[in-house]
Amino acid sequence: MNAIAAARRTWNERLFYLFALPFAALVIVFGLWPIAQSIRVAFLDSYTALSPDPRWVGFANFETIFADPYFHASLRITLIFTALSVVANVAVALGLALAINSPLVRRGSTFFKLCIFLPVITPDVAAFIVWKAMYDQDFGAINAALAALGLPPMAFLARADSALWAITVAELWKHVGFYTIIFLTNLALLDPELDRAAMLDGASWRQRLVHVTLPQLRPAITINAVYALIQFLKTFTVAVVMTRGGPNFATNFVSYYAYRRFDEALYGEATAMATTLFVLVGALGYAMYWAAERRDWR
Amino acid sequence: MRFRKALAAMVAALLAVATGAQAQQLTVWHDLGDNGIRWFNELNEIYRRTHPGVTVTSVSFPTDQWFGRSIAAINSNSAPDLLFNNYERVIRVMTQTNNRIVDLSSELAAAGDTSFITEADRRIATYRGRMIIFPVQRVQMAFGVRTSWLQRANEQFPSTWADVLRLGQKIRENPSGGAPAYGLALQAANPRDLIHMLDLFMFGTGLQHTLINPEGRIVIAEPRHAEVLKEFIKAFTEYRLVSPETVNHSFTDMYRMILGGRAGMFRVGDWNVRGWDTGTADLNGDFTLGPWPAFRQGDQNAVVIGGMRGVAVPENAPNRAAALAFARFLLSREAQASSLNNLGAAVRSDIPMDGLSERRLFFANPRGRLVAYDFPESVHEFYPQLEAEYHRRLLAAIASPPRDLDAFISQTSTDLQAWVDQRRPR
Amino acid sequence: MTAHRRLVQLAAYLGLGAVSLVFVYPYWWMVVSSLRRTQEVMTAPLRLLPERFDFTAYEQIGRIGGIPLAHYVWNSLAVTIASTAVAVLVTALAAYALSRRPKLRGLQLVRYGFLLTIMYPYMLLLIPVYLVMHQLGLLGSYAGIVLFLSLGPIQFFLFDQFFRSIPKELIEAALVDGAGEWQVLWKVVLPMSRNVVGTVTLVTFLLNWAQWFPVIVISTAPTTYTLPAALLLLNTELGASFQAILALATVTTLPVVVVFLLTQRRVMEGFAAGAVKG
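Protein chains in written order, with numbering that gives the first Met the number 0: chain A, 0 to 297; chain B, 0 to 425; chain C, 0 to 277.
Please keep in mind that the hints were generated in silico from the structure rather than gathered at the bench. We put the beta carbon where it would ideally sit given N, CA and C, even for glycine. Accuracy of the hints is not assured; some may be wrong.
What the hints assert, rightly or not - Partner residues are not named here, just some residues of chain C that face chain B (Cβ under 7 Å, in silico):
| id | residue |
| --- | --- |
| 1 | His3 |
| 2 | Met41 |
| 3 | Gly238 |
What the hints assert, rightly or not - Computed, partial: chain C to chain A, Cβ under 10 Å:
| id | residue |
| --- | --- |
| 4 | Val89 |
| 5 | Phe113 |
| 6 | Leu115 |
| 7 | Tyr119 |
| 8 | Pro127 |
| 9 | Leu169 |
| 10 | Leu206 |
| 11 | Trp208 |
| 12 | Ala209 |
| 13 | Phe212 |
| 14 | Ala220 |
| 15 | Thr222 |
| 16 | Thr249 |
| 17 | Val256 |
| 18 | Ala271 |
Stated by the list, open to error - Beta-carbon label-pair distances, calculated as ranges:
| id | chain 1 | residue 1 | chain 2 | residue 2 | range |
| --- | --- | --- | --- | --- | --- |
| 19 | B | Glu214 | A | Thr63 | 53 to 63 Å |
| 20 | C | Val258 | B | Asp420 | 54 to 64 Å |
| 21 | B | Asp414 | C | Pro49 | 50 to 60 Å |
| 22 | A | Trp55 | B | Asn76 | 22 to 32 Å |
| 23 | C | Gly105 | A | Gly201 | 36 to 46 Å |
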């Protein structure tokens with residue numbers, strides 16, 4: 000009896016290993032293995048990196064990139080853009096979610112959700128090609144609209160001081176729907192009794208928002224912020240399609256700069272940048288999650 | 000390691016589709032788009048008549064994809080049979096693949112009469128002592144102007160830079176068609192793009208180098224060079240000769256400005272004419288060709304030979320012998336005629352040219368002065384990085400124009416010279 | 000009170016309406032501009048309807064890089080559907096194993112490995128992935144593209160969350176009744192999972208349709224390119240038609256928009272569920 004049970008247990012264990020095996024294989028072969036290779040290349044001499052006997056150079060590639068002022072600028076731009084985008088996406092998504100969730104607009108809320116979510120599922124290359132053309136200072140639809148409204152034209156992507164903002168807006172358009180939907184899902188899970196009780200106590204709309212709704216949404220805000228952080232630190236396609244890191248390196252995100260290094264066949268430096276970004280994503284993501292979680296424990 | 004191998008074998012066994020290797024199927028990788036594909040299809044038909052067992056298929060990639068792919072393929076022993084591209088790009092592939100490009104010099108001798116390949120062509124095609132391409136197409140680039148806009152402005156075809164500036168201003172102040180228009184269409188997003196544009200003006204006015212000479216001296220601060228460079232930067236800043244968006248423009252956007260009819264003057268490559276000549280294209284034949292403007296009195300306006308496209312064979316080409324035979328065929332009269340017809344360029348001049356439009360003859364049978372690129376890539380291994388460095392300086396100057404351009408140029412020259420001296424083998 | 004409420008309501012509708020308009024306008028602009036000559040678009044970018052319907056761009060993209068457009072459409076469909084099927088099957092099984100036996104030695108490693116993978120900026124895996132595919136003999140094959148795309152960012156979380164929500168008692172009851180693990184999976188869990196499988200399928204389909212970078216890296220020729228990858232083929236130095244680029248962008252975008260509009264509820268729930276407790 001015991002022997003049979005034990006045999007069955009081992010069989011079952013094997014079965015579960017079997018279930019996990021294909022996924023584990025995918026993770027190893029197309030995730031961990033290439034990542035390990037990529038990190039390995041960061042310690043190799045670029046010119047021999049792809050040959051059968053590459054030359055190890057220790058931390059030389061890291062020394063090179065950290066001595067490069069353009070890489071410093073690139074890190075700074077990436078961090079500024081990420082901070083801007085995380086705040087903008089979370090704030091705008093929260094605002095949109097609260098508005099759509101409001102009983103005032105019950106009819107038509109699906110339509111609003113559809114419109115806002117549509118960009119999330121749109122292929123990014125196509126979307127950014129369109130945005131680039133719409134942003135054109137002289138021939139774009141946005142300045143034409145501003146002119147029709149009697150407003151002065153804007154430079155958008157053409158100037159270093161406005162390009163990052165312009166990209167932030169395009170990226171917001173592309174992604175905010177995702178965060179909005181997460182907030183909406185969480186709003187639907189809220190306890191309506193709390194709100195009703197506060198209303199009976201004579202709390203205003205604002206008081207209820209600050210003291211009842213927002214505290215309950217805190218986990219959702221955390222999740223959204225961590226997701227947005229990971230997403231925007233890795234921003235890439237928008238730079239490829241819209242600015243090529245320009246003008247004058249104003250949108251030279253780390254991932255794009257590293258890609259450019261690849262293009263110049265400086266594989267060592269490129270992967271050193273990628274590894275740095277990887278560490279940054281991991282560390283910042285974890286720190287943010289940890290900070291938010293710890294606050295929740297109190 | 001063993002696990003990795005086992006896994007590899009397992010996955011490969013499970014999924015690899017059996018590919019029956021066809022011994023005489025030749026593959027060419029190029030970046031010539033649909034015109035190139037049409038050309039290679041035509042070549043395949045011609046070649047099959049004399050080589051019944053051989054089929055040639057060509058694959059076109061955007062230029063940046065072509066690079067990465069060719070380098071990676073040769074390094075990992077999955078190379079195609081032939082590469083077709085600009086000479087300096089083949090050099091880059093060669094330097095990054097441990098020199099695995101076949102030396103064609105003995106093949107050229109076997110190709111019969113090749114007297115049409117000049118000594119200069121031969122020099123250009125030789126790198127590290129090897130002939131790495133057969134020159135197949137001389138790439139020429141001229142200056143184009145919208146004919147109707149010239150008439151509107153009551154101007155002649157601009158032959159000096161002053162003419163360009165005057166016409167540019169007229170175009171900007173009195174644009175045709177109810178929207179803003181600019182004098183020139185340029186591009187500046189990638190290092191190669193911007194410096195390529197600068198090259199055209201430098202060589203077009205008869206200079207020999209843009210950035211560095213073969214001895215490793217930076218030339219940008221020399222008086223004639225500095226003048227072109229200064230005016231070129233001012234085209235972006237003071238003169239507003241180009242759209243302010245140009246800093247983000249690469250080829251697609253430059254073509255949008257030209258074909259969308261918002262730029263009066265632009266680069267015209269020999270490959271562009273066929274498409275732009277016909278009534279269906281956006282430009283609708285409304286353009287005039289000529290040499291590049293001269294910057295100083297006494298300079299001769301020139302059409303620029305901006306490159307040499309040719310065919311190269313990787314050392315690990317799957318069908319090396321057949322590939323070499325096909326490469327020789329590309330120099331034959333038939334292949335050359337097909338090249339001229341499909342891509343507007345060839346290296347032979349003893350091919351039929353009747354029926355070509357005047358603008359196509361402008362390139363096919365050049366009468367004026369031709370000035371060729373200096374191909375610094377072939378001399379200085381560090382050139383791509385030097386160019387990227389230079390691009391950074393130029394972008395900075397365009398973004399926030401220095402008060403004293405001369406000082407900027409001489410400072411840049413000093414800095415770049417120091418950069419070069421650090422890297423030059425002694 | 001009511002008058003005030005009416006006013007607020009009107010303001011809310013107007014505000015949200017304006018926002019929605021901003022969100023969908025780029026699509027309108029894209030479709031209309033793909034039907035106008037580049038010259039016309041550049042002189043009057045705001046026109047809401049074409050001055051005349053010009054379909055030349057759609058004729059132009061009939062062949063891209065010597066390959067018929069239909070071939071790219073077919074590739075997109077085949078690659079997306081196949082990778083979705085593999086992703087759903089493989090991820091579901093793994094998530095099920097992990098939620099049923101979280102303590103089993105080594106299984107948690109799979110989770111951490113996966114988390115590491117989705118944190119890496121994956122466009123920078125360009126060369127390693129190329130080498131891996133080469134070593135596996137999958138370079139240039141549909142199989143390589145499909146397998147790579149089968150590893151998605153949120154599918155695992157969706158399944159993980161769902162399987163954890165299944166009451167343990169339900170499964171234990173079945174086991175006590177003498178059912179084997181296979182039977183539990185087939186007879187108890189699977190029927191309950193129909194919904195989540197549908198959701199993950201949709202989400203994966205939409206995500207994988209948009210992929211371009213892995214497709215370009217793993218392909219050795221445009222014969223295996225999908226629509227978004229083909230979109231980048233149009234950007235050549237020998238000439239590019241802006242109108243054609245917009246036409247292809249429209250062809251690339253339209254299918255996902257249609258699928259999304261038909262299944263919107265599920266898709267939005269799916270995307271949200273994947274993140275709610277990520």
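task: Would you check whether Leu169 (chain C) satisfies its interface hint, that is, whether its CB is within less than 10 Å of any CB in chain A?
output: With a closest approach of 17 Å, the Leu169 (chain C) hint is violated.
- prompt: Minimum Cβ distance from Thr222 (chain C) to chain A below 10 Å?
  reply: Since chain A brings no Cβ nearer than about 20 Å to Thr222 (chain C), farther than 10 Å, the hint is violated.
- prompt: Given Val89 (chain C) as an interface hint, is the shortest Cβ-Cβ distance to chain A below 10 Å?
  reply: At 4 Å from the nearest chain A Cβ, Val89 (chain C) passes the 10 Å test, so the hint holds.
Outcome for the supplied range 36 to 46 Å, where the beta carbon pair is Gly105 (chain C) and Gly201 (chain A): The hinted range 36 to 46 Å is violated for Gly105 (chain C) and Gly201 (chain A), with Cβ atoms some 58 Å apart.
- prompt: Honestly, do Glu214 (chain B) and Thr63 (chain A) meet the 53 to 63 Å range at C-beta?
  reply: With a Cβ separation near 27 Å, Glu214 (chain B) and Thr63 (chain A) fall outside 53 to 63 Å, so the hint is violated.
- prompt: If you take the shortest Cβ to Cβ gap from Ala271 (chain C) to chain A, is it below 10 Å?
  reply: holds (4 Å)
- prompt: Can the hint on His3 (chain C) be confirmed by a CB-to-CB distance to chain B that is less than 7 Å?
  reply: At 47 Å from the nearest chain B Cβ, His3 (chain C) fails the 7 Å test, so the hint is violated.
message: Using the nearest Cβ pair, does Thr249 (chain C) come within less than 10 Å of chain A?
response: holds (8 Å)
- request: Could you check if Pro127 (chain C) really has its C-beta closer than 10 Å to a C-beta on chain A?
  value: holds (4 Å)
message: Take the shortest C-beta to C-beta distance between Leu115 (chain C) and chain A; is it under 10 Å?
response: holds (7 Å)
- request: Answer holds if the nearest beta-carbon of chain B is closer than 7 Å to that of Gly238 (chain C); otherwise answer violated.
  value: holds (6 Å)
query: CB of Val258 (chain C) to CB of Asp420 (chain B), is that within 54 to 64 Å?
result: This hint holds: roughly 60 Å between Cβ atoms.
Of the numbered hints given earlier, the model fails hints 1, 9, 14, 15, 19, 23; all others are met.
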